[in-house]
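There are 2 protein chains.
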Amino acid sequence: MASSTREKIIQLGDDLLRKQGFNAFSYADISKPLQIKNAAVHYHFPSKQDLAFAIAQWHKDVFDRFSRKMATKEPKDRLKTFLNFYHSIHLSEKVDIIGAFATDWYSLGPNVQTEVQEFTELVIEWLTELIQEGMDLGQFRKTQNTRTTALKILSSIFASTQLVRITSDQDFTRVKNSILEELLN
Amino acid sequence: MASSTREKIIQLGDDLLRKQGFNAFSYADISKPLQIKNAAVHYHFPSKQDLAFAIAQWHKDVFDRFSRKMATKEPKDRLKTFLNFYHSIHLSEKVDIIGAFATDWYSLGPNVQTEVQEFTELVIEWLTELIQEGMDLGQFRKTQNTRTTALKILSSIFASTQLVRITSDQDFTRVKNSILEELLN
DNA sequence: TTGCAAACCTACTAGTAAATAAGTAAATTA
DNA sequence: TAATTTACTTATTTACTAGTAGGTTTGCAA
Numbered sequence: 016m017a018s019s020t021r022e023k024i025i026q027l028g029d030d031l032l033r034k035q036g037f038n039a040f041s042y043a044d045i046s047k048p049l050q051i052k053n054a055a056v057h058y059h060f061p062s063k064q065d066l067a068f069a070i071a072q073w074h075k076d077v078f079d080r081f082s083r084k085m086a087t088k089e090p091k092d093r094l095k096t097f098l099n100f101y102h103s104i105h106l107s108e109k110v111d112i113i114g115a116f117a118t119d120w121y122s123l124g125p126n127v128q129t130e131v132q133e134f135t136e137l138v139i140e141w142l143t144e145l146i147q148e149g150m151d152l153g154q155f156r157k158t159q160n161t162r163t164t165a166l167k168i169l170s171s172i173f174a175s176t177q178l179v180r181i182t183s184d185q186d187f188t189r190v191k192n193s194i195l196e197e198l199l200n
Numbered sequence: 016m017a018s019s020t021r022e023k024i025i026q027l028g029d030d031l032l033r034k035q036g037f038n039a040f041s042y043a044d045i046s047k048p049l050q051i052k053n054a055a056v057h058y059h060f061p062s063k064q065d066l067a068f069a070i071a072q073w074h075k076d077v078f079d080r081f082s083r084k085m086a087t088k089e090p091k092d093r094l095k096t097f098l099n100f101y102h103s104i105h106l107s108e109k110v111d112i113i114g115a116f117a118t119d120w121y122s123l124g125p126n127v128q129t130e131v132q133e134f135t136e137l138v139i140e141w142l143t144e145l146i147q148e149g150m151d152l153g154q155f156r157k158t159q160n161t162r163t164t165a166l167k168i169l170s171s172i173f174a175s176t177q178l179v180r181i182t183s184d185q186d187f188t189r190v191k192n193s194i195l196e197e198l199l200n
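Going down the list, the protein sequences come from chains F and A. Residues in the first sequence are numbered from 16 upward in steps of one, following the working numbering. Residues in the second sequence are numbered from 16 upward in steps of one, following the working numbering.
No lab work stands behind these hints: they were computed from the structure. Fair warning: this is a prediction, and the values are worked out from it, not measured in the lab. Fair warning: there could be bad hints in the mix.
Which copy is meant is left open, because identical chains are indistinguishable; a pair holds if it fits in one copy or across any two.
Below are the DMTMM-like pairs computed for lysine to aspartate or glutamate, each with C-alpha atoms no more than 20 Å apart in a straight line [what the hints assert, rightly or not]:
1. K109 <-> E22
2. K47 <-> E133
3. K75 <-> D184
4. K157 <-> E196
5. K109 <-> D92
6. K157 <-> E197
Just need the whole structure built from these sequences, with the hints factored in.
Encoded structure:
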């Protein structure tokens with residue numbers, strides 16, 4: 016079964032949110048490419064907040080499947096896959112969803128904010144555990160606070176998807192490689 | 016002489032840009048608090064792009080004065096002041112201007128983009144020189160590529176102003192302190 | 001004191017935004 | 001097969017957006 020209209024709207028909404036920002040796209044930007052009418056988008060997502068909620072929820076689902084699939088792999092490879100994922104974001108000229116939601120934070124309704132918070136905490140905890148495990152296995156250099164290390168990795172990699180819009184592509188690869196190098200023993 | 020209307024518009028525009036995003040505020044959001052009419056804002060800044068340009072220019076000017084004032088201080092103190100500056104951004108519930116411009120990048124006209132690029136390069140170069148100097152003086156740990164280190168510091172600190180909107184205040188302080196600790200010998 | 005420009009205001013336009021009401025065709029279920 | 005639901009469309013509304021044309025006031029300069 017090909018993806019439903021609902022799924023296509025979420026995908027396109029996510030694309031637009033991360034390329035242009037929540038307030039920079041309209042329902043027309045979604046309905047036109049999908050060759051449906053404005054009201055059809057409202058049928059699936061009565062308000063733009065409902066769409067934002069669905070996008071946040073989708074990211075939670077995807078990350079959940081991702082972390083399950085990665086569970087068996089060793090910390091180093093898990094981190095590499097994570098960083099490569101951000102590389103693909105960079106190549107598609109989007110920014111990370113966390114940064115996109117963060118800069119548009121005050122445009123989001125309370126339930127969307129909660130969903131975004133849950134997703135973000137999921138990512139941070141996953142990274143924190145990964146780092147702890149890598150340290151326990153002697154693959155990673157010891158750091159004082161694993162959550163802080165996780166926060167620094169997350170923030171520098173997601174900020175890079177933003178920063179390189181302004182500077183250059185090379186800067187992304189530099190930061191990406193450096194994150195791994197710094198952690199490895 | 017108290018600050019002119021023009022200056023007040025730039026200040027308020029900058030506040031709104033960094034609190035809500037470029038597409039989330041209107042000229043009405045500027046004219047109302049300043050108790051002037053919509054057209055008065057258009058008198059000073061015919062288009063919203065002109066306002067964005069002036070905001071970018073203002074940041075360049077401020078950073079220029081900042082770097083001049085800091086020139087005599089030693090690297091460690093320069094970095095501390097820089098990080099404290101970001102702490103004040105965090106406290107005012109804004110995000111950093113670089114991240115704000117980056118996420119709204121495709122809403123900006125070419126001349127605004129150029130101005131933002133110049134400002135950002137100014138900051139990166141200032142940080143790079145600071146790190147090199149600190150390393151030469153033996154205050155900072157040696158790193159392979161000083162620009163990469165600068166990029167990582169900049170990205171993790173400006174992303175933190177975004178991330179802590181979603182997570183918690185503590186996370187900002189953690190990252191901030193860790194940046195300094197990691198660099199110091 | 002006249003002329004003129006800076007800094008506004010009044011009043012408006014054209015376009016776009018999100019959102020809704022009411023209707024329809026096709027599929028699903030009872 | 002009758003009733004209902006799903007997935008839309010057509011048509012419209014309300015509200016706001018950036019931007020403009022033209023008039024007014026104020027202060028300064030010739």
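Quick rundown of the hints versus the structure:
| no. | hint | in the structure |
| --- | --- | --- |
| 1 | K109 <-> E22 | within (19 Å within a copy, 33 Å between copies) |
| 2 | K47 <-> E133 | neither (32 Å within a copy, 36 Å between copies) |
| 3 | K75 <-> D184 | neither (28 Å within a copy, 23 Å between copies) |
| 4 | K157 <-> E196 | both (13 Å within a copy, 14 Å between copies) |
| 5 | K109 <-> D92 | neither (24 Å within a copy, 36 Å between copies) |
| 6 | K157 <-> E197 | both (11 Å within a copy, 12 Å between copies) |
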